[in-house]
Amino acid sequence: RKEVEQDPGPFNVPEGATVAFNCTYSNSASQSFFWYRQDCRKEPKLLMSVYSSGNEDGRFTAQLNRASQYISLLIRDSKLSDSATYLCVVNLASGSARQLTFGSGTQLTVLP
Amino acid sequence: DTGVSQDPRHKITKRGQNVTFRCDPISEHNRLYWYRQTLGQGPEFLTYFQNEAQLEKSRLLSDRFSAERPKGSFSTLEIQRTEQGDSAMYLCASSSSGTVNTEAFFGQGTRLTVV
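Listed in order, the protein sequences are those of chains A and B. First residue of the first sequence? That's 167 in the working numbering, and the numbers climb one at a time after it. First residue of the second sequence? That's 5 in the working numbering, and the numbers climb one at a time after it.
Zero decoy hints are in this set.
Far from chain A, some chain B residues (derived; all Cβ distances over 10 Å):
#	residue
1	19
2	24
3	30
4	66
5	67
6	69
7	70
8	76
9	87
10	90
Looking from chain B toward chain A, a few residues come up when the C-beta cut is under 7 Å (computed):
#	residue
11	52
12	107
13	113
Since the hints were made in silico from the structure, they are not lab data. Just so you know, these numbers come straight off a predicted model, no measurement behind them. By construction, the Cβ of each residue, glycine as well, lies at the ideal position given by its N, Cα and C atoms.
This is chain B alone, in the form it adopts within the complex:
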């Protein structure tokens, strides 16, 4: 499978616990994005990497959220001290360098439920 891969697909955690999600982009893609989607809404941008550099972070990304892409390949998104409001689908996408019309390919997401 050469698409974007995310792990785990589902995560249930207790409030206050830390969680970490992993994203493996399409291998030749140097751009990687994290989005969050809640029911009835479109995905909301969280952060963006070009290679290993984190170039942009949304104001949605509070201090409890951190993302890394240490070798410019896979990425991790960690949420510390989870809150019920963090419950959402976390989507990763990747794209290659190119024109502004370059397509972003999404993974199937990690569905987080905070209880």
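Here chain A stands alone, though its shape is the one from the complex:
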């Protein structure tokens, strides 16, 4: 079983739609959680951290359920520029080391 699992998609949605991505992680000791965005042939970039209380940044809302080991990302009023791969990322801190474990990514295409 992969440590971080995501639905690979692809998700093809019209402009203005609301789309949700889900992610599960296997290590219950995981300490921190993120969504990264990766455009085609580009490096991953942090979209937002995910906090236990849930957090929102404009059209993006992230939720964390530690009991179910589940993370979600909701995008409202999707734009063409939201087309990218969204990577669910978990920090599996071990001792003093910090390493990020990535899911395989969910591909989103927003259609005009």
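Chain A is already provided as a structure; the job is to place chain B on it using the hints.
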């Protein structure tokens, strides 16, 4: 440009040759990471430095791979006797010391093709 810089951006090599990649992190960052990404997959952790100390290595990092960060600034990743399976994007990232939510910034990567 104050971001993470990687060189070269692309490398094509023949099987069996050695290759070396360089990463220059953001100057005030003391943590540096190497990842490998293949098509359709997320980045996979290879190794991690805090200053010049290599604190963690993935099981993915075979004996043919070696990484250094001699002065705690730039880092190099060397692959000896390359194999076709080494073809991938090699990503470097850096971060500062801080909380567990400290952001890691990625370079644009070195795309390796082994022919």
